[in-house]
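Asker: As a plain string of letters, each chain reads:
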Amino acid sequence: MIDFLFYVFAALAVAGALGMLLNTRNTVAGALSLVGTMVSLGAIYVLLDAYLIGALQILVYAGAIVVLFLFVVMLLNLREDAFSPERLRFTKLIGVAIGALVGVELLLLLPAALGPAATVPADFGGYRMVGAALFTDWVLAFEVTSLLLLAAMVGAVVLAKRSID
Amino acid sequence: MLVEKAVALSVILFVLGTLGAVTRRNLIVILMSIELMLNAVNLALIAFSRQWGDLAGHVFVLMVIVVAAAEVAVGLGIVIALFRNRESINVEDSSLLKW
Chain A
1 MIDFLFYVFA
11 ALAVAGALGM
21 LLNTRNTVAG
31 ALSLVGTMVS
41 LGAIYVLLDA
51 YLIGALQILV
61 YAGAIVVLFL
71 FVVMLLNLRE
81 DAFSPERLRF
91 TKLIGVAIGA
101 LVGVELLLLL
111 PAALGPAATV
121 PADFGGYRMV
131 GAALFTDWVL
141 AFEVTSLLLL
151 AAMVGAVVLA
161 KRSID
Chain B
1 MLVEKAVALS
11 VILFVLGTLG
21 AVTRRNLIVI
31 LMSIELMLNA
41 VNLALIAFSR
51 QWGDLAGHVF
61 VLMVIVVAAA
71 EVAVGLGIVI
81 ALFRNRESIN
91 VEDSSLLKW
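Residue numbers (the numbering used here), protein chains in the order written: chain A, 1 to 165; chain B, 1 to 99.
Where hints are given, some of them may not hold.
As a list, the in silico DSSO-like pairs of lysine-lysine whose alpha-carbon atoms are at most 30 Å apart [claimed, not checked]:
#1 B/K5 - A/K161
#2 B/K98 - A/K92
#3 A/K161 - B/K98
Source of the hints: derived by calculation from the structure; they are not laboratory data. Small disclaimer: the values here were computed from a predicted structure and weren't measured.
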């Protein structure tokens, strides 16, 4: 059953990614395909016992980040003819070939590399265990994160406020 | 078994994201492709975290989500500033740093 669900959500995730990648005409539709990918990944996180991360994935990515993308797409009001058809240059073909080669190689190497998964307690990945890890072992990283968010917020406001000279 | 499949899916999504970042010319789509790559990495981290029964991967994914949110905020700020100045978000129209 878990395998079946995994295949369903994996297919949805790949389909959403391809929809975002191949849709050269409509950026809004591309962003909505990305929402499908994010939600499917959230479901796969739950299958992998990462309950808190699965919920946060849907809240933050599908709920906040992609909505930010949609705001900007609609703010800029891009016309369909703003992009001439993509040229497939020779270098791009080489890039695609090398990327596919690396992908196939990784896929071939993977199955032999891992043993059976560890047995984990029942609430592994719940808010209690992740919170305990976050606020004891990783509390410094957590605090530094707030500084990063502040810097990003100031940077975004300054960048979007006035034009570059 | 589920872990290996999840890592395989993560490889596929990462390659798709790389392809999008390299071949597309719409700056917003490039940013979305980078988000896709970050998500693929998150999936791999969650899968390996499950494999070894270690919660450090979950904490790391939280950090990656924060960095992704910050990156999108700054990146879209740059996109808006660029559009104000050049009336275009086609990356081939912004080639001052290209040699």
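Asker: Does each hint hold? Answer for all of them.
Answerer: Okay, the hints, checked on the actual structure:
1. A hinted pair counts as satisfied when its Cα atoms are at most 30 Å apart, and B/K5 with A/K161 does not qualify at roughly 45 Å.
2. This hinted pair checks out: B/K98 and A/K92 have alpha carbons roughly 17 Å apart, not beyond 30 Å.
3. For the hint pairing A/K161 with B/K98, the CA-to-CA distance comes to about 26 Å; that is within 30 Å, so the pair holds.
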